[in-house]
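Novice: Sequence:
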Amino acid sequence: IGKEGTALRQLEADTNCRITIPSRDTPSETIRIVGPREGIEKAVAYIKSVSERESKLATEHIVCPRIFYPFVRGPFNETYDKLTQETGAKINIPPSQANNEVIVITGEKEGVHKAAAVIRGIVADKQATAKSVTCTVAKAQHRYIIGQQRSGLHTILKETGVSVEVPNEDENSDTITLRGDPAKLGEALALVYQRASSVITQQIVAPSWLHKHLIGPKGSNL
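So in UniProt numbering, the last spot in the sequence shown is 222, and the numbers never skip.
To be clear, the hints were calculated from the coordinates, so they are not data collected in a lab. Keep in mind that the hints are not guaranteed to be accurate.
[Stated by the list, open to error] Distance condition first, Cα-Cα at most 30 Å in a straight line; then the derived DSS-like pairs of lysine-lysine: (1) Lys82 to Lys109; (2) Lys139 to Lys114; (3) Lys139 to Lys90; (4) Lys48 to Lys90; (5) Lys184 to Lys139; (6) Lys184 to Lys131; (7) Lys114 to Lys184; (8) Lys131 to Lys3; (9) Lys56 to Lys3.
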């Protein structure tokens with residue numbers, strides 16, 4: 001039918017036929033086509049091709065707590081990329097900030113069901129085995145844990161299998177949550193503290209007359 005019936009109207013115009021499709025509220029599955037023989041044959045062929053194509057497609061909805069998104073995506077999106085390449089399915093994972101915890105998978109049936117099975121397995125495994133621990137790190141150091149384009153979080157996930165949840169910039173919180181295999185939480189925590197202390201900000205009080213000497217000509221000392 002298409003959006004607001006546009007595809008149906010176009011098919012009627014192309015075939016010079018009147019096509020009646022039962023509403024979803026009726027039990028009938030019969031499509032009625034009235035018009036010239038040539039147009040009817042063309043319309044029937046088109047409808048059959050669409051029906052055959054659609055019969056091969058599927059959609060799966062998986063409820064997945066957002067805390068498990070990093071494991072579904074994998075470090076540097078490796079799990080996500082491998083799964084989409086192997087199955088050909090389109091996998092829509094909501095942003096972590098979104099008020100939505102449903103992963104939608106669409107595509108050909110075989111690929112969709114395969115991708116859904118893998119994702120359900122990941123979610124079930126993490127629900128059964130993952131534990132969490134929290135630590136406090138000064139908010140000014142969070143960016144060093146995150147890294148450029150979240151590379152720091154991906155690296156820790158890749159090396160330990162542990163996800164690191166850092167508060168959003170607009171949150172007034174110093175608490176960081178680590179989640180994953182209990183045996184790996186200690187190793188991941190050490191990496192978090194290592195990255196947090198890799199760069200330290202220090203403020204030094206200096207009289208204003210000294211500033212030009214510290215800066216140097218045209219900022220050469222900086």
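Novice: Does each hint hold? Answer for all of them.
Specialist: The hints, checked one at a time:
1. Lys82 to Lys109: holds, 18 Å
2. Lys139 to Lys114: violated, 41 Å
3. Lys139 to Lys90: This hinted pair is violated, its Cα atoms lying about 36 Å apart.
4. Lys48 to Lys90: Roughly 25 Å separates the two Cα atoms, so the pair holds.
5. Lys184 to Lys139: With Cα atoms ~24 Å apart, Lys184 and Lys139 stay inside 30 Å; holds.
6. Lys184 to Lys131: holds, 10 Å
7. Lys114 to Lys184: Distance of about 29 Å is within 30 Å: holds.
8. Lys131 to Lys3: violated, 46 Å
9. Lys56 to Lys3: holds, 21 Å
Of the numbered hints listed earlier, those contradicted by the structure are 2, 3 and 8.
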